[in-house]
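K.L.:
Each chain, written out:
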Amino acid sequence: MKEAPLANVTGTLLMTAFLAVTLLFVMQGTFETRAELANTFVHQAQVQKAQLDLEELLRLQIDEENSLRGYSLTRDPFYVAQYRQAAAGYDAKESEISVILEGQHLTAPAEMLGTYERLQTAWRDQVASPWLRRPGELLELDKTNKLFSDYESRTGYAIRQALAGTDAALVRSTQIQLDRASYARAFWVVAFGFLAILLNIYRSRLNRELEEERTITDILQQAFRSESVPLPHCEVGSAYLSATTHLAVGGDIFDVYRLSDNRALVLIADISGKGVDAAVLTAFIRFMIRAIAVRHSEPAAILAEFNVAFSKAVGNPYLFVSMFVGVLDTATRRLEYASAGHDCAYLRRRDGVHQLSVTGPVLGVMEEPYYSKTIDLDPGDTLVLTTDGLTEVRNRAGKPLLGRGAIELIARAGPHAQQLVDELVAKVRARGGKRIRDDLAILAIRMLDGESRG
Amino acid sequence: MVRVAAVLLLLLPALLGTALADCKIHRGDRVVLYSTTDDPSVLLWDSRARLREYYAASFDEAHAMLPHATLVAPGTHATVTSCTSNYVDSPIFERPADAIAVVTTSGPQRGLLRWVLGSDVRRLPNP
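Those protein sequences? They're chains A and B, same order as listed.
Position 202 (the first sequence) corresponds to 202 in the numbering used here; numbering is contiguous.
Convert by adding 1000 to the 1-based position in the second sequence; the result is the number in the numbering used here.
Read the hints as simulated data drawn from the structure, not as lab findings.
Warning: the hint list may mix true and false statements.
Unchecked claim - A few chain B residues that don't get close to chain A, going by computed Cβ distances all over 12 Å:
1) Cys1023
2) Arg1027
3) Arg1048
4) Gly1075
5) His1077
6) Tyr1087
7) Ser1090
8) Arg1095
9) Thr1105
10) Arg1110
11) Gly1111
12) Gly1118
Stated by the list, open to error - Cβ pair distances, simulated, as ranges:
13) A:Asp179 <-> B:Leu1124: 49 to 55 Å
14) A:Glu55 <-> B:Gly1107: 30 to 36 Å
15) B:Arg1027 <-> A:Phe41: 53 to 59 Å
16) B:Ala1073 <-> A:Pro77: 22 to 28 Å
17) A:Thr121 <-> B:Glu1053: 23 to 29 Å
18) B:Ala1057 <-> A:Arg59: 54 to 60 Å
19) B:Arg1027 <-> A:Thr121: 42 to 48 Å
As the structure is a prediction and not an experimental result, all values here were calculated from the model.
Beta carbons are placed, not taken as given, at the ideal position from N, Cα and C, and that holds for glycine.
Work out the full structure: start from the sequences and follow the hints.
P.N.:
Written as structure tokens, this is what we have:
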């Protein structure tokens, strides 16, 4: 049973980790795809620029030839200037394309462009230059010009095809990347959604189990909780602080139990240990003490009988209990008490606060005799019983309050029983911080005078 | 023997028909010569084989073949004497081109019987 919460927490953490990893995969995949696509688009843009520049190059090459034909027909120097302008433009454009192709590592188109450039240079040497020198003697050069024209067309076509092929391959590559990214994203989204649903189901089940446990705990706390009842001629105040988070029970116990109309059993005890295990033991102690107190009116006898029964019943040599048991007669205001190693019992009177002495060893350790003491109380006297959660509370410097500090606090506290208890609790919280390190039980019973008796 | 000859006679038109079936230009068609390359002049070749080799040859090889070619101006008229379909292939052709034998009927080279690439030939409407 104790391993279940840990397994639940581990399961939740694992699933949350899965979700986080899934999310990371999705994000990483998205960034990778974005980077790949960006590279492809840059590459594609360069190829498309090369294609456009190639068309411009072919146009300039035709301009060169047409300019020569114009010069041949008209002898107008304007065409020579046109020829030179087209030739210069051709050379510049060829350089631009060459840089792009080499930059994009397009080896085959680059080699073909080199061939094209060599053809053009050869055409200028073998055809264009003779034409410019002797524009009338064209016929013998025409076949060579036709040959150049055919081969330049052929090479230009090959370059076009190569670039178009590269462009198409890049488009296909982009499509593949997009498809792959889409499929991957869809997969991860489905996986993410599936895990999220699983986690939700798991958490729902976990919450339901926790709710059931909480309900059981509430019921048990109800049974184990220390409680006080109103007493005639007295004010009763009490408080209980558990060191176990979210639990209203612990290893401390107090009890006020009416034995008759005017007689009441007053009990406070501190069990070694804390938490649920100790709380279960407190229920056992409270009901056993009540049962013994019905038969024995003397506190020392109650402790002695309980000591024997406790040692036999628990059988744990490392478990012991400090306990204060009192039988208070509210009519005569007489308190008879016995203290088994429980030194956190105080009596606030007009002349100050007195610590009630211990009358025997702690319970569960040895079979020693216990003694009872009797005190006659006056109106206004307040019996303050606490556990060591008060005296052991430490300030930020780590210094405990101790008995002397507890006496000072009790002396300065308000007159009414519950007021006193509340102020002590406030002091403990202020001194120890929000987190209570030890269980704390406080029980205060203030004797009322004749006029105030309820 | 007679039977074999009869079968061959029956098959011959079919075989010839198959050979000529894909040609769009036929014997007797009147055509005009015009190249769609950058230089619209047309090269005429003295043999069908050289026509094919020219389009498969390297630049230097093609240059060496030029003495076997005659250049005619674009617009030269001619008459088709025969056609061989899908005879010339080249990396730059989408599909093989026809080889067409023509006799020029206009221009300085009138009366010349030569081979020309199918894509350099346009059929003229019948008079």
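K.L.:
Compare the structure with each hint and give your call.
P.N.:
Checked hints:
1. With a closest Cβ-Cβ approach of about 23 Å to chain A, Cys1023 of chain B is found to remain outside the 12 Å limit, as its non-interface label requires.
2. Taking the minimum C-beta to C-beta distance to chain A, about 27 Å, the non-interface status of Arg1027 of chain B holds against the 12 Å cut.
3. Here Arg1048 of chain B stays apart from chain A, with its beta-carbon at least about 18 Å from theirs, past the 12 Å limit.
4. At roughly 15 Å from the closest C-beta of chain A, the C-beta of Gly1075 of chain B stays outside 12 Å, upholding its exclusion from the interface.
5. At the 12 Å boundary, the C-beta of His1077 of chain B stays outside the reach of chain A, the nearest C-beta of that chain being 19 Å off.
6. Look at Tyr1087 of chain B: its CB is around 18 Å from the nearest CB on chain A, clear of 12 Å, so calling it non-interface holds up.
7. At roughly 7 Å, the least C-beta separation between Ser1090 of chain B and chain A is not larger than 12 Å, which violates its mark as non-interface.
8. Non-interface status of Arg1095 of chain B relative to chain A is upheld: no Cβ of that chain comes within 12 Å, the nearest being about 14 Å off.
9. Look at Thr1105 of chain B: its CB is around 21 Å from the nearest CB on chain A, clear of 12 Å, so calling it non-interface holds up.
10. Its beta-carbon lying about 16 Å from the closest one in chain A, Arg1110 of chain B satisfies the requirement of being farther than 12 Å from that chain.
11. In this structure Gly1111 of chain B is separated from chain A by more than 12 Å, as the shortest Cβ-Cβ distance comes to about 19 Å.
12. Residue placement check: Gly1118 of chain B keeps its beta carbon more than 12 Å from all beta carbons of chain A (closest about 15 Å).
13. Distance hint check: the CB atoms of Asp179 of chain A and Leu1124 of chain B are about 53 Å apart, consistent with the given range 49 to 55 Å.
14. A hinted range of 30 to 36 Å holds for the C-beta pair Glu55 of chain A and Gly1107 of chain B, which are about 34 Å apart.
15. Checked against the given bound of 53 to 59 Å, the beta carbons of Arg1027 of chain B and Phe41 of chain A, roughly 56 Å apart, stay inside it.
16. About 26 Å separates the C-beta atoms of Ala1073 of chain B and Pro77 of chain A, a value consistent with the hinted range of 22 to 28 Å.
17. For the pair Thr121 of chain A and Glu1053 of chain B, the beta carbons lie near 26 Å from each other, so the given range of 23 to 29 Å is met.
18. Between Ala1057 of chain B and Arg59 of chain A the beta carbon distance is about 27 Å. The supplied range of 54 to 60 Å is therefore violated.
19. The supplied range of 42 to 48 Å is met by Arg1027 of chain B and Thr121 of chain A, whose beta-carbon atoms lie about 44 Å from each other.
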